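Colleague: Using the sequences plus the hints, can you model the full thing?
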Amino acid sequence: MVKDPGRRKVAGVLLLAGVEPFSARPWGRSGFYARMRIYFMGICGTAMGNAALLMRSLGHEVLGADTGVYPPMSDHLRAAGIEILEGWSADRLAQLKPDLVVVGNVASRGHPEVEWLLEARTQPYISLPELLRTRLLNERRNIV
0 MVKDPGRRKV AGVLLLAGVE PFSARPWGRS GFYARMRIYF MGICGTAMGN
50 AALLMRSLGH EVLGADTGVY PPMSDHLRAA GIEILEGWSA DRLAQLKPDL
100 VVVGNVASRG HPEVEWLLEA RTQPYISLPE LLRTRLLNER RNIV
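Note that numbering that gives the first Met the number 0 has the sequence shown beginning at 0, numbered continuously upward.
These aren't lab readings, by the way, just hints derived from the structure by calculation.
As the structure is a prediction and not an experimental result, all values here were calculated from the model.
There may be inaccurate statements among the hints.
[Unchecked claim] Derived Cβ-Cβ restraints for the label pairs, each shown as a range:
| # | residue 1 | residue 2 | range |
| --- | --- | --- | --- |
| 1 | Arg91 | Arg140 | 34 to 42 Å |
| 2 | Arg120 | Pro71 | 33 to 41 Å |
| 3 | Glu85 | Glu114 | 25 to 33 Å |
| 4 | Leu117 | Arg36 | 34 to 42 Å |
| 5 | Ala46 | Ala119 | 24 to 32 Å |
Built from N, CA and C at the ideal position, the CB exists for glycine as well.
Modeller: Dropping the structure here:
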């Protein structure tokens with residue numbers, strides 16, 4: 000297997016050559032640097048929507064896209080000031096330039112935004128479980 004020298008992982012986040020890792024930036028109280036712009040793929044799902052609300056409550060600018068935009072999740076997100084974009088668009092994602100993209104289960108190979116992330120190689124991205132593990136739980140114990 001040939002490794003791509005432009006890629007490496009730090010704390011579960013795929014980093015690309017020339018892209019400053021957000022983990023190297025000044026840290027805020029929540030484990031993130033102050034006020035990130037976070038984009039959620041599949042934001043209207045139960046888990047993704049609640050994670051987006053949590054990130055918003057921590058002071059981050061949150062937005063995302065989905066194809067199934069309907070109440071009650073869409074109402075909760077909009078009430079929290081979260082912008083919901085309908086449908087998928089690689090061009091739109093490129094223009095938004097978020098600090099971090101959270102890729103939901105709705106997105107896999109062939110998804111236009113995922114393909115753009117993999118081809119453009121300019122945008123840090125992470126899965127929802129990695130977001131929770133590395134940025135919310137940090138060193139804390141997770142008891143369910």
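Colleague: Taking the hints in turn, state whether each one holds.
Modeller: Okay, the hints, checked on the actual structure:
no., hint, result
1, Arg91 <-> Arg140: 34 to 42 Å, "39 Å, holds"
2, Arg120 <-> Pro71: 33 to 41 Å, "37 Å, holds"
3, Glu85 <-> Glu114: 25 to 33 Å, "19 Å, violated"
4, Leu117 <-> Arg36: 34 to 42 Å, "20 Å, violated"
5, Ala46 <-> Ala119: 24 to 32 Å, "26 Å, holds"
Checked against the numbered hints given earlier, the structure breaks hints 3, 4 and satisfies all the rest.
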